[in-house]
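So the chains spell out like this:
Protein chains: 2
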Amino acid sequence: MDSIPILTLKRLPKYLETLYQLKKTGIRTVTATKIAVFTDVHMTQVRKDLAYTGVVGTPKVGHRIDDLINAIEQCLNWNDVSSCFLVGVGHLGKALMGYSELSRKGLRIIAAFDAKPEATGSYLHGIPIYGMDKFTNLLSRLHVHIGIITTPAEAAQEVANLMVENGVIAIWNFTPVKLELPTEIIVENIDMSASLAVLSRRVAEKLYNTAPRDLI
Amino acid sequence: MDSIPILTLKRLPKYLETLYQLKKTGIRTVTATKIAVFTDVHMTQVRKDLAYTGVVGTPKVGHRIDDLINAIEQCLNWNDVSSCFLVGVGHLGKALMGYSELSRKGLRIIAAFDAKPEATGSYLHGIPIYGMDKFTNLLSRLHVHIGIITTPAEAAQEVANLMVENGVIAIWNFTPVKLELPTEIIVENIDMSASLAVLSRRVAEKLYNTAPRDLI
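Protein chains in written order, with this note's numbering: chain Y, 23 to 238; chain V, 23 to 238.
Next up, chain Y with everything else stripped away, as it sits in the complex (with noise of 0.2 Å):
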């Protein structure tokens, strides 16, 4: 399997998005160019994108929406459906608990563990919390690649080690730590905060710069 760059990884899913919308308005063909149109990438670029699915087109005609749905669906690995683990049972774990978005992108979380014992031994969407005292030996026993870890900042790194120690091979931090693990291991980080930090520091630079000059 041919490694695909990241930017081109990160811009399939939204042309997946476009692909679904065109389709249930009943299209079934589309070009790169429309593509290009509803999600403002290059043409050249989309073009270059959907080599790497291996899907061909026709010419003049353009692509058949559903070959073109599959074969990124697989270039994404989103029609096998892969197990994860989830630690950390706070707000955010239990969103992406109740999240069936993921099982749609082939992601299946099939027990959450948390460090707090009063969370464990329920279930949440039908997935069963527990301990982290049986994390590790599940982990082993269950062949799990994949580790989603929504703890508070100051146990991520620890949780990782833990997750690299029993056989997974990829982590989605959502917590603001960078962790320090073996370059072999696949990190994706969704940072919440840095993203809110942006934020609310525009907000306050345009009120603050706008607001006191009505006011003199």
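These aren't lab readings, by the way, just hints derived from the structure by calculation.
Treat the hints with care, since some could be wrong.
Each pair may be met inside one copy or between any two copies, as identical chains are not told apart.
Cut-off 25 Å, straight-line C-alpha distance, at most; resulting in silico cross-link-like pairs (BS3-like, lysine-lysine) [stated by the list, open to error]:
| # | residue 1 | residue 2 |
| --- | --- | --- |
| 1 | 45 | 32 |
| 2 | 46 | 200 |
| 3 | 200 | 32 |
| 4 | 156 | 127 |
| 5 | 156 | 32 |
| 6 | 228 | 56 |
| 7 | 82 | 138 |
All values derive from a computational prediction rather than experimental measurement.
Take the given structure of chain Y and dock chain V to it, following the hints.
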């Protein structure tokens, strides 16, 4: 209020996390060098970033941790809590409504809206849920400046337009849609699909490229 570079803004929450943790251990002062080690950002960069907060350290001693926390929080406007509206009470929307971390970081969801009538009229985590028919009226009456979009992709642009027409100046967009808005509108995107695309593909590449060889 001066404009702070976006990359600095994105690093400030990382410094904050480190400072919160150091403070817990009872330490009172910290140098930029130490922050650099903990956050894995270059020392020169840490110094530059901290300079934007306006805080001044003592040579050889460094900064008082409390002063630095205050300065960064103020810089990010996390001391002031801004009200915001959320549209799209699906799994992700519900998750954000219950995510207490947000108000610690200056953002309070005061009302949520959904197109499906069955959700409306109820409360979740103390936040009222209204139908979209009440949206523009409440938005303009309450002078809310920030909107969160957690709708399905196909509704995102329309909701964003309604927000901007009724006084919203900043949008936190959790859909994979690239919103088309006037340039003065502040938009921050959290694209979980793009992140998951990278993760899934990299895992597939790794598993398919190593597993078969073991079997030969």
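Results for each hint:
Proximity of residue 45 to residue 32 under the C-alpha cut-off of 25 Å is restricted to the intra-copy arrangement: shortest distance 21 Å within a copy versus 37 Å between copies. For the homomeric pair residue 46 and residue 200, the shortest alpha-carbon distance between copies (19 Å) is at most 25 Å, but the shortest distance inside one copy (40 Å) is not. In this assembly of identical chains, the alpha carbons of residue 200 and residue 32 lie at most 25 Å apart whether taken from the same copy (20 Å) or from different copies (13 Å). Taking CA atoms no more than 25 Å apart as the test, residue 156 paired with residue 127 passes in neither setting, with 27 Å inside one copy and 33 Å between copies.
For the homomeric pair residue 156 and residue 32, neither the shortest alpha-carbon distance inside one copy (35 Å) nor that between copies (36 Å) is at most 25 Å. With identical chains, the CA atoms of residue 228 and residue 56 are never at most 25 Å apart, being 36 Å at best within one copy and 33 Å at best between copies. With identical chains, the CA atoms of residue 82 and residue 138 are never at most 25 Å apart, being 60 Å at best within one copy and 41 Å at best between copies.
In terms of the numbered hints stated before, the structure departs from hints 4, 5, 6, 7, listed from lowest to highest.
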